[in-house]
Every structure is written in structure tokens, then in C-alpha cells.
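2 protein chains.
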Amino acid sequence: MARTLYLIPNTLGETPVQNALPMEVIGIVQQLKYFVVENEKSARKFLKACNVMPPFEGVVMHILDKHSTPQDKIAIMKLLKEHDFGMISEAGCPAIADPGADLVLMAHEQHYEVKPLIGPSSILLALMGAGFNGQGFTFHGYLPVPQVERISKLRQLEAFSADTTYTQVFIETPFRNEALLADIIKNCSPQTYLSVSCNLTMPDQQIITKPIDKWKAEEIELRGKPA
Amino acid sequence: MARTLYLIPNTLGETPVQNALPMEVIGIVQQLKYFVVENEKSARKFLKACNVMPPFEGVVMHILDKHSTPQDKIAIMKLLKEHDFGMISEAGCPAIADPGADLVLMAHEQHYEVKPLIGPSSILLALMGAGFNGQGFTFHGYLPVPQVERISKLRQLEAFSADTTYTQVFIETPFRNEALLADIIKNCSPQTYLSVSCNLTMPDQQIITKPIDKWKAEEIELRGKPA
Chain C
1 MARTLYLIPN
11 TLGETPVQNA
21 LPMEVIGIVQ
31 QLKYFVVENE
41 KSARKFLKAC
51 NVMPPFEGVV
61 MHILDKHSTP
71 QDKIAIMKLL
81 KEHDFGMISE
91 AGCPAIADPG
101 ADLVLMAHEQ
111 HYEVKPLIGP
121 SSILLALMGA
131 GFNGQGFTFH
141 GYLPVPQVER
151 ISKLRQLEAF
161 SADTTYTQVF
171 IETPFRNEAL
181 LADIIKNCSP
191 QTYLSVSCNL
201 TMPDQQIITK
211 PIDKWKAEEI
221 ELRGKPA
Chain P
228 MARTLYLIPN
238 TLGETPVQNA
248 LPMEVIGIVQ
258 QLKYFVVENE
268 KSARKFLKAC
278 NVMPPFEGVV
288 MHILDKHSTP
298 QDKIAIMKLL
308 KEHDFGMISE
318 AGCPAIADPG
328 ADLVLMAHEQ
338 HYEVKPLIGP
348 SSILLALMGA
358 GFNGQGFTFH
368 GYLPVPQVER
378 ISKLRQLEAF
388 SADTTYTQVF
398 IETPFRNEAL
408 LADIIKNCSP
418 QTYLSVSCNL
428 TMPDQQIITK
438 PIDKWKAEEI
448 ELRGKPA
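Quick mapping for you: the protein sequence lines, in order, are chains C and P. Okay, so the first sequence: first residue is 1 according to our numbering, each after it adds one. Okay, so the second sequence: first residue is 228 according to our numbering, each after it adds one.
Check before you lean on any hint, since a few could be wrong.
Quick partial rundown of chain P residues pointing at chain C, CB under 10 angstroms, derived from the structure [to be verified]:
{"hint": "1", "residue": "F359"}
{"hint": "2", "residue": "G361"}
{"hint": "3", "residue": "G451"}
{"hint": "4", "residue": "P453"}
DSS-like mimics (lysine-lysine), calculated; alpha carbons at most 27 angstroms apart, straight line [unchecked claim]:
{"hint": "5", "chain 1": "C", "residue 1": "K115", "chain 2": "P", "residue 2": "K452"}
{"hint": "6", "chain 1": "P", "residue 1": "K305", "chain 2": "C", "residue 2": "K214"}
{"hint": "7", "chain 1": "C", "residue 1": "K210", "chain 2": "P", "residue 2": "K342"}
{"hint": "8", "chain 1": "P", "residue 1": "K308", "chain 2": "C", "residue 2": "K210"}
{"hint": "9", "chain 1": "P", "residue 1": "K308", "chain 2": "C", "residue 2": "K78"}
{"hint": "10", "chain 1": "P", "residue 1": "K452", "chain 2": "C", "residue 2": "K210"}
{"hint": "11", "chain 1": "P", "residue 1": "K441", "chain 2": "C", "residue 2": "K73"}
{"hint": "12", "chain 1": "C", "residue 1": "K66", "chain 2": "P", "residue 2": "K437"}
{"hint": "13", "chain 1": "C", "residue 1": "K78", "chain 2": "P", "residue 2": "K300"}
{"hint": "14", "chain 1": "C", "residue 1": "K214", "chain 2": "P", "residue 2": "K380"}
{"hint": "15", "chain 1": "C", "residue 1": "K115", "chain 2": "P", "residue 2": "K441"}
{"hint": "16", "chain 1": "C", "residue 1": "K115", "chain 2": "P", "residue 2": "K272"}
{"hint": "17", "chain 1": "P", "residue 1": "K300", "chain 2": "C", "residue 2": "K210"}
{"hint": "18", "chain 1": "C", "residue 1": "K225", "chain 2": "P", "residue 2": "K342"}
{"hint": "19", "chain 1": "C", "residue 1": "K153", "chain 2": "P", "residue 2": "K380"}
{"hint": "20", "chain 1": "C", "residue 1": "K81", "chain 2": "P", "residue 2": "K441"}
{"hint": "21", "chain 1": "C", "residue 1": "K153", "chain 2": "C", "residue 2": "K115"}
{"hint": "22", "chain 1": "C", "residue 1": "K115", "chain 2": "P", "residue 2": "K437"}
{"hint": "23", "chain 1": "P", "residue 1": "K441", "chain 2": "P", "residue 2": "K272"}
Hint data in this document are derived by calculation from the structure and do not stem from the laboratory. All residues carry an ideal CB built from backbone N, CA and C; glycine is no exception.
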């Protein structure tokens with residue numbers, strides 16, 4: 001019988017799990033004992049919200065984050081040998097804009113059945129909500145941190161998007177959001193459309209889409225928020 | 228009070244809605260009266276599965292598909308004036324690899340609140356499940372139909388992927404799946420990794436990932452299946 005690796009989406013922020021995941025996914029989480037998690041604190045909070053009862057009895061967690069080495073990953077796969085297990089990110093879908101893809105590939109090599117489960121992805125929600133081309137798009141993760149390189153990358157993505165009509169999707173950390181927005185408004189063409197999604201799936205969610213010449217930095221409060 | 232456009236993911240194939248959508252999403256669907264749908268038959272099936280009761284009383288559907296003209300879209304928005312409404316694809320997430328993005332943009336221009344809801348996207352599930360780079364990826368929709376152009380595009384995507392490490396994601400219609408797989412196996416480098424996802428979220432789901440030199444066309448039965 002093949003072992004199974006379940007890829008388990010976590011909520012984005014404080015959304016209740018019942019609002020973010022199908023009941024079937026919560027049921028699968030309740031039956032698993034072995035997890036690979038990006039962040040132990042978020043994972044414990046998530047399991048508690050899924051009513052894993054009595055709290056965490058017999059639950060084993062291994063950490064896989066951006067600091068994990070290839071040796072760490074081999075060790076995790078050895079420890080999990082013979083077991084079904086689930087992979088949980090700090091937020092959103094594991095292995096997309098988050099660690100975990102290497103381990104999924106190792107699981108394929110070791111003939112696990114891989115089952116991605118349905119749940120929130122900020123990338124996908126932002127793309128649906130933007131009203132931009134969803135027939136062709138590129139996700140870039142984070143843009144460069146040094147401002148000169150960031151602006152050069154923004155201009156490159158803008159030119160690529162104008163050439164190909166492919167939507168360009170990127171994310172930024174809460175504490176750099178405002179600087180990135182200011183750079184976009186200042187350095188991109190006034191006619192280019194920009195969509196910003198902030199606090200997705202939360203009660204104060206905002207999705208604003210319009211040409212850059214109509215954007216003013218102050219109309220969306222981004223400081224400290226996932227966007 | 229702002230009107231709201233809800234972007235409602237549909238199931239992929241025959242999956243029960245309870246397995247594919249959070250309860251909150253089903254609750255929102257039950258309260259809406261106005262819908263823009265890609266395919267009326269799938270939309271009716273979906274509403275029935277969501278227990279919209281008594282069946283469809285007062286429910287109004289407008290069709291938006293790949294044949295809709297800009298004038299059709301303006302007309303739909305006029306008819307929906309003052310109403311909250313939901314957009315439903317034939318399968319998966321509206322406005323992603325499906326029509327609808329234009330109408331989302333029009334809704335932004337008319338100051339609707341846009342709320343993308345959580346549900347299945349075959350693109351995202353395939354990317355999570357592949358074990359490939361999820362920090363940078365490009366979705367291309369369908370590849371060209373004529374074989375010579377399709378092979379040239381495949382080679383171009385393969386070279387781009389090798390240069391950038393970006394995962395290249397594309398879809399194909401059930402009746403062309405086998406021909407596409409055969410072209411990939413025959414024309415791409417033996418070392419390139421290929422992942423094929425078939426019948427996602429269904430009981431006979433298959434996700435196979437390995438280098439092309441280990442792929443044989445017959446190991447996955449693709450004829451007539453969404454993949």
C-alpha cells in the first residue's frame with residue numbers, strides 16, 4: 001500500500017479554519033499523526049483550530065523551513081519512512097511561495113502518493129481578484145531588496161508584461177510593502193494597471209485595481225499587513 | 228453601501244462541493260440571487276449541489292464565455308447594476324485559465340467590492356503536487372495546436388525553465404492530452420523533469436513526477452481526462 005503525503009493549506013492570518021478549508025481537509029488533518037511544518041507555533045495553532053483532540057496526542061512534527069539543508073530533508077524523509085504525513089506552511093499552500101517543494105519531489109522519488117489539498121493561496125486569490133489576465137501569468141516571489149535593483153526589476157517586469165500581456169505577480173513582506181508601493185507608483189508607467197491585495201480572506205480585506213496614475217500611496221494602509 | 232462581486236470556484240469534475248469548498252463559501256452561494264456563469268448546465272448542477280432551495284427560485288443567470296463580446300459584458304454589467312452577484316466557471320476558479328477577468332476589471336471600475344473565494348484550482352493543485360519550484364513559475368494556458376508550433380513552444384519553455392529555474396505550467400484539453408505527452412517525451416531533454424496531474428481532486432487522481440527519460444507514454448491513461 002502506497003504511503004501518502006498530504007499538502008495541507010493553512011489559513012491566511014486569523015481566518016477560522018472552517019471558513020478557509022473544506023470539511024474533508026479538516027477531517028484528513030484530524031487523522032494524521034506525522035507532520036512536516038514550516039513553523040511549529042503556526043502549525044500547533046492550526047491543529048488546535050482543526051480540533052485535533054486530545055491536543056496533539058501522538059502527534060510528531062518535523063521542521064522544514066528556509067534554513068533546512070538537503071541533509072535535513074534526507075533525515076526527515078528517513079524518520080517518516082513507512083508513514084503517511086502532512087506538510088503545513090506558516091500560511092497558505094505549502095511548496096508555493098513557501099518551502100517544501102524539495103520534499104514533495106523526494107516523496108515522488110520514494111513512491112509516495114502525493115495529495116495536494118484545497119485551501120487558500122494568497123497568490124491565486126489576488127490574481128482572481130485583480131481582474132487581470134489569468135490565461136498567462138508569472139509569479140516572481142519577492143523582488144530584490146536593494147532599491148536600485150528593485151526598481152530595475154519592476155521596469156523589466158512592466159516591459160515584459162506590456163510585450164506578452166502576461167500578468168506579473170509578486171509578494172512583499174509586511175514591513176517593506178509601503179516602500180515597494182511607493183517605488184511602483186514613482187517608477188512605472190501611469191497607464192500600467194496595478195492591483196494590490198491586502199489582508200486577504202480577513203474581514204478587512206482590500207483589493208484595489210486601477211491604472212498607476214490613479215494610485216496614491218496613502219489610499220491603502222499597508223504598513224505591517226500581508227499584501 | 229458597496230455592491231460585491233464574489234468569485235466562486237466550482238468543483239473539478241464530480242467532486243462533492245462539501246469536499247471542495249469551505250462551508251462559508253457554500254453559505255455565500257446560497258444567499259446570492261444573481262450569477263454570471265461560464266456554462267449554464269455546470270452552474271445549475273453546482274447550485275443544486277450547494278442546496279440552493281427551493282431550486283433556483285429567483286435566481287438569475289447571465290452567460291459569460293469565450294464567445295462573449297465587449298458589448299455583451301457591458302450589457303451584463305448594466306443588467307446587474309445595484310446587485311451583488313457571483314461569478315462561476317465551468318470548473319475551478321473564475322478568471323484564471325477561464326473567462327471573467329474583464330468583468331472583474333469592470334466591477335473594480337464601477338466600485339464593486341471584489342471578493343475572491345477559496346476553492347480548487349487545478350493549476351495550483353498541480354503546482355503544489357509536482358514538487359517543482361513554487362517560488363517562481365509561469366502559467367501559459369494552452370500550447371499551440373499545430374504540432375510543429377507546439378513542439379517549438381515546448382522547446383522554448385524548456386530552455387526558459389533551464390535558464391531561470393521557473394516552473395512552466397500549461398494545460399491541455401482531454402482529447403489532445405495524449406498527443407501533447409507524446410510530443411514532450413519525444414522532443415524534450417531526457418533530464419528535464421515532467422509532472423502530469425490527471426483527474427485532480429477525484430478518487431482516481433494521479434500525479435506523476437519524474438525525469439523525461441523515465442517517462443513512458445503508456446504509464447498514465449490520459450485519453451479523455453482533464454490533466
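Legend entry - Which numbered hints fail: The structure breaks hints 3, 4, 9, 10, 13, 14, 21, 23; every other hint is satisfied.
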